[in-house]
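There are 2 protein chains.
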Amino acid sequence: MDGALGKQFLSDYIAQTNESYALLLNREIEKARKVGEIPAQILEAFSKTALRGKRIRGALMQLGYEAAGGTDIASVQHASLSVELLHAGLLVHDDIMDRDDVRRGLPSMHVQFAKVGKSLSVVDPKHFGLSQAINIADAAYYLSLEVLVNSDFSPETLVSALRVYAEHVVRTAYGQELDVANIASQRLTEHEILSVVKYKTAEYTGVMPFLMGAALAGLEDERRLDIMREYAYNFGWAFQIQDDVLGLYGDEELGKPIGSDIQEGKNTLLMLKLYELGSDDDREFMAQTLGKQDLSVAEVGEMRKRVKDSGAYQVVYDMAAGYVGKGREQVIHITHEKRVQNILESLIIYMLERAV
Amino acid sequence: MDGALGKQFLSDYIAQTNESYALLLNREIEKARKVGEIPAQILEAFSKTALRGKRIRGALMQLGYEAAGGTDIASVQHASLSVELLHAGLLVHDDIMDRDDVRRGLPSMHVQFAKVGKSLSVVDPKHFGLSQAINIADAAYYLSLEVLVNSDFSPETLVSALRVYAEHVVRTAYGQELDVANIASQRLTEHEILSVVKYKTAEYTGVMPFLMGAALAGLEDERRLDIMREYAYNFGWAFQIQDDVLGLYGDEELGKPIGSDIQEGKNTLLMLKLYELGSDDDREFMAQTLGKQDLSVAEVGEMRKRVKDSGAYQVVYDMAAGYVGKGREQVIHITHEKRVQNILESLIIYMLERAV
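The listed protein sequences derive, respectively, from chains D and E. Be aware that the first sequence starts at 100, since it is given in my numbering, and climbs by one per residue. Be aware that the second sequence starts at 100, since it is given in my numbering, and climbs by one per residue.
Any given hint might turn out to be false.
Same chains, same names: a pair is fine if it fits in one copy or spans any two.
As the list claims (entries may be wrong) - Listed next, the in silico DSSO-like pairs over lysine-lysine satisfying Cα-Cα at most 27 Å (straight line):
#, residue 1, residue 2
1, LYS391, LYS214
2, LYS133, LYS425
3, LYS372, LYS133
4, LYS407, LYS425
5, LYS225, LYS214
6, LYS372, LYS407
7, LYS133, LYS217
8, LYS225, LYS391
9, LYS391, LYS372
10, LYS130, LYS217
11, LYS214, LYS130
Keep in mind the hints are simulated off the structure, nothing from the lab. Computed from a prediction, not measured in an experiment: that's the story for all the values here.
Excised from the complex, chain D in its bound form:
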């Protein structure tokens, strides 16, 4: 078994939702225009970046729905755009906090809107850009909710999905608060760094969409939901570790400048392990390099080498492989449908194979 089937499922999901996602956003742009030209213009810019998402969360919601026995694929695909809109919104706020200027190969929202502010000759274009970026994410959160509450499911299943949704996004915001403290102070404990991954990513990327899908299929069996949660939790961890790896070893194709994680001074698992396993010289190098604004390509290369040489890379890779293994173990208990089993297994494997 490899990640090919999972990769295929993901690209099928993208192909099948592309049109309705674009249509939904265009309809919203026209609604925004009734309020004013500025809201329409801002939502238009947001839409372009939103449509470029990997859509792992939306696809996972569909998969949770299918795994729980749901059969109305068109409806769940439409409803799943809600988690994509939410995610796109959260990234806008994330980019402000991380001072990320590029997202999915385009300038981040706060950067784009600062340019709009400049063209409007406002006094402080940067503050204008920041403000409008805050606003468009707020709008996206409630567009996300609107998609969900107007989707084609019974009120009972909707409320059940909404409970999963609200509970997890609250904790995602808490995880983000830890992450901000993480970057800013570098004083977090290992427990806190792991909490960031747990709440900001593993639960939010894996558990939330997967269990929302199950809720929309009407699944209430607590035992089976626990097994699904276990799969999705491991899925989220595998995803995040690969994200860290790509953040350090990936190229510009990711839509982010090389070395941006180092520049932000992110305490990723790779950095934590380099700190633990590396030499005094490695720790000295980390202290000098993490958070450095004028990072050279040579320094990025040096960091890559040290992470491998210290064994940090291998330890983290083994962790990720462990999560994939634990996730795969659950699959047989989630559903009897062979087709869905295969996709679930392949997709979690693909989380470590993916290069974007």
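Following the hints, put chain E in place on chain D, whose structure we already have.
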């Protein structure tokens, strides 16, 4: 008829919800603590300001519920905390955009969190404060949703209330986008300035909570909902105009520094009318004063005088009185219950009498 009964309803609502609001927030603080100390600390700071709200929106939700025939007051009061949490969250983002350093007599969230950042010796305390303020509002939005989806109503009525909620908050965010452009560029048309009031306040403060209450009571009669919408829309306008008046003529008891609206360069209705009705000298004075950072008390006094002398104040006051009158006309068609009729009428009158 005066505003006494409405004022009483409002203070009863505050007294009756105080304990459960504090309890809810404390429970959430303990849940946040499981994620980390920082999320708990941040939510604690947010709670102190949140509890100081005027709670007009929550009270209006209860009133919409009662007007539509609902009788489970305890449940609607608990559910109504959702709009209070949402509102408290939106204000945090609003204070960032308006650079307001004071809210409800306490330092704004971004100011408080910048101090936290300083105590943690982070590199950029201001950016830390900004980031955590963005985060706590995001958390508050989903705490708001959590309160609603876990409240004691049937899934059908909840989904119906959620549709009202999502639709209006999206437009509130668009209104906020216009407001940011409003302050920044001072190039908005009269239509756009009125759109800010319409979407950012009148619909959001009046229509949203009132119709959410009606939805929770199970009201589906479109004709009656239209009448309720008309009442609430006028309520929102009256509220906003008084807010502008208090922003210019109110004292520090409001929890905001005197003249802060002028300092922010807000294009309020009072400013729009002064621009239209005033002399060239008035317009010259406006151009020099709006957005001025080192505003003197004398300049605030001068602005107050010009707004009165030009007739702008009277025109705006008459507008507000018109909204109150139109709102009152609807009351008899909303409900046959004399008690609720009286409160509805008195409360909209109170919107122009209130000094806080």
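Which numbered hints turn out to be false for this structure? Those not satisfied: there are none.
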